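Build out the structure end to end from the sequences listed, making use of the hints.
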Amino acid sequence: MEITEELIDYLQKLGRIRLSEEDRQKTMKDLGSIMGYIDKLNELDTTGVEPLSHVFGRTNVVREDEVTNGDMRDKIIGNAARKSEETILVPRTFD
Amino acid sequence: MDSKEILKLTALELGKAIKEKKTTSKEATKAYLDAIASLDGKYNSYITVRAEDALKDAEAIDEKIASGELKGGFAGVPVAVKDNMCTDGILTTCGSKMLGNFIPPYDATAVRKIKEEGMVILGKTNMDEFAMGSTTETSFFGPTVNPWGDNRVPGGSSGGSAASVAARLAPISLGSDTGGSIRQPASFCGITGLKPTYGKVSRYGLVAFGSSLDQIGPMGRDVLDVAYMLNVISGEDPKDQSSADAPKLDLEAIKNFDLNGKTIGLPDQYFAEGMDEDVRNAVMEAVKLFESNGAKVETFPMPIMDYAIPTYYIICCAEACSNLSRYDGIKYGYAPDDVEDLMELYIRSRSEGFGMEVKRRIMLGNFVLSSGYYDAYYNKALQAKALIKKAFDEAFEKYDVVIGPVAPTAALKAGESLSDPLKMYLGDICTVLINIVGVPAISVPCGFTSQNLPVGMQIIGKHFDEQTILGFTYAFQKLTADKAYEQQTAEGI
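Same order as they appear, the protein sequences are chains A and B.
Per this note's numbering, numbering of the first sequence is gapless, rising by one per residue and ending at 95.
Per this note's numbering, numbering of the second sequence is gapless, rising by one per residue and ending at 588.
If you are wondering where the hints come from, they were derived from the structure by calculation, not from laboratory data.
Please read these numbers as outputs of a predicted model, since none were measured by experiment.
Where is the CB? At the ideal position from N, CA and C, for every residue including glycine.
Fair warning: there could be bad hints in the mix.
What the hints assert, rightly or not - Dumping the calculated SDA-like pairs for lysine to any residue here, alpha-carbon to alpha-carbon at most 25 Å: (1) B:K334 / B:G184; (2) B:K426 / A:A80; (3) A:K83 / B:K192; (4) B:K484 / B:F395; (5) A:K29 / B:Y468; (6) B:K166 / B:E122; (7) B:K485 / A:N42; (8) B:K151 / B:E164; (9) B:K484 / A:G78; (10) A:K29 / B:M451; (11) B:K334 / A:G78; (12) B:K334 / B:E211; (13) A:K13 / B:E211; (14) B:K573 / B:K210; (15) A:K83 / B:L437; (16) A:K13 / B:L517; (17) A:K83 / B:D436; (18) B:K426 / A:I88; (19) A:K40 / B:P396; (20) B:K518 / A:L44; (21) B:K426 / A:R24; (22) A:K29 / B:G450; (23) B:K334 / A:A80; (24) A:K75 / B:D401; (25) B:K117 / B:K192; (26) B:K114 / B:E100; (27) B:K159 / B:K192; (28) B:K350 / B:D363; (29) B:K208 / B:L344; (30) B:K166 / B:Q336; (31) B:K493 / B:D363; (32) B:K192 / A:A80; (33) B:K210 / A:D74; (34) A:K29 / A:Q12; (35) A:K26 / B:E511.
To be verified - A short list of chain B residues far from chain A (calculated; beta carbon distances all over 12 Å): (36) G163; (37) L346; (38) L384; (39) A471.
Structure representation (structure tokens):
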């Protein structure tokens, strides 16, 4: 698997990440060697094997939707980088 | 009781001494805080130390012990908590600049349970950023140093939880394990660390990394401490739908565990080329000891192990990139203050808030999940997971436990694997399979290398059969009491 400049651009876009030029060059090299090793998985014969997500085969677990938390509003808003007294602030999202 | 005596006690012994009024929670907490103040400048095992608050908590707990409200074996005992578990009102950084200011508004379930037991949280321990790493060198708050000296890493990602216990800066700690993050640092630091069965301990309030793999577990100097701690933190939790109700451990049965007739499987691949000679010898010596005490030992092939690393890194990065998409610089976490465009805020918050290893795994995860590659990588890894589970199911039809090393080497020199991520990933070869299958495994000190670095043996059990692996571990600790691997600490502390 070749790691191209275009692929790095695409992955930056998907991950909302912007790398410095130096990090970008290193990432191309590192992802190249990691993917080279990961491609070893192609040698494994998985014909007819069902993909497994949960080891115990648990499916949906449901519970009553009851409110158990107390009022945490101030604590929650307190963690936002931009806030007013009453709410979290975000940059303008439309004109 | 003087503080030197306090630091020597196991967590259960300390709990007992407090109950018998030989010391108090406050005195014990102070002894540990003093030790941290004098030594942690060197080890950097804590990110946050709760100097005054811990003493206040201890005082309140002493009153509750006196009134009979708190009766547990760990009531009054101090504890260190890895900094990826939410603690109400206490900074929880996950070793990242991204969460450098994050103060959780609630407790993780495991944290709530140790508080209910009456334990005193000394502080939050250092870790690889977002638990991504095997050396505790990717922490934004600087690397943790292995107390065994010689410029060695403590392992990771729970390196702070391991080093703090090894250096006697905490009697016991909580870590988390996604691909070996409890077991490998336990091995590197010469302590005992247990990764419970997936679902045994609630993940509610654990900062998510690989949700199908993450599990909280205890790290201590003594196997009974570790067993008791699992009883404190385990149990089904309505707030984590993957948690399960399983019986508590019977500590008396662990103490009386009989090795006679028990079966041990040794996978060939765990002892193959590439494993350090000293590590292999130490583990084989331990296995021989089990054999000479009545256990039956057999080797068996486990060729699927060759695919452990690719399968693990595909699954964990896929889950990590999804989990870490929540960091947008808005609700919580780092955000630059000079941005007026929403997309730019996302990009700059993430680019400036995450370190390189985290970015690398986000990119890898997005790659294996992206259109056109999903089948070739992610789906293929889930098929490999099915085959890995089958291999373990077959092994556990024949054996009570499977034993191997925890890592191919003892603790590495600082900086050795940081420059080459693939090299670091390959060091996880002995531990990642266990998370993929969800079975429990423990790392217990079993000897030393020629350079006097601790070596850990890994004992792997069936789903929800922690009882058996702790039985083996206790038996080993008893058989090697004269060597007391788990009680030796660096620099004669």
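Hint-by-hint comparison with the structure:
no. : hint            : verdict
1   : B:K334 / B:G184 : holds, 20 Å
2   : B:K426 / A:A80  : holds, 5 Å
3   : A:K83 / B:K192  : holds, 20 Å
4   : B:K484 / B:F395 : holds, 16 Å
5   : A:K29 / B:Y468  : holds, 20 Å
6   : B:K166 / B:E122 : holds, 18 Å
7   : B:K485 / A:N42  : holds, 19 Å
8   : B:K151 / B:E164 : holds, 17 Å
9   : B:K484 / A:G78  : violated, 44 Å
10  : A:K29 / B:M451  : holds, 13 Å
11  : B:K334 / A:G78  : holds, 24 Å
12  : B:K334 / B:E211 : holds, 17 Å
13  : A:K13 / B:E211  : violated, 45 Å
14  : B:K573 / B:K210 : violated, 31 Å
15  : A:K83 / B:L437  : holds, 15 Å
16  : A:K13 / B:L517  : holds, 24 Å
17  : A:K83 / B:D436  : holds, 16 Å
18  : B:K426 / A:I88  : holds, 7 Å
19  : A:K40 / B:P396  : holds, 19 Å
20  : B:K518 / A:L44  : holds, 22 Å
21  : B:K426 / A:R24  : violated, 28 Å
22  : A:K29 / B:G450  : holds, 17 Å
23  : B:K334 / A:A80  : holds, 24 Å
24  : A:K75 / B:D401  : violated, 47 Å
25  : B:K117 / B:K192 : violated, 43 Å
26  : B:K114 / B:E100 : holds, 16 Å
27  : B:K159 / B:K192 : violated, 38 Å
28  : B:K350 / B:D363 : violated, 30 Å
29  : B:K208 / B:L344 : holds, 16 Å
30  : B:K166 / B:Q336 : violated, 30 Å
31  : B:K493 / B:D363 : holds, 15 Å
32  : B:K192 / A:A80  : holds, 14 Å
33  : B:K210 / A:D74  : holds, 23 Å
34  : A:K29 / A:Q12   : holds, 15 Å
35  : A:K26 / B:E511  : holds, 17 Å
36  : G163            : holds, 28 Å
37  : L346            : holds, 26 Å
38  : L384            : holds, 32 Å
39  : A471            : violated, 8 Å
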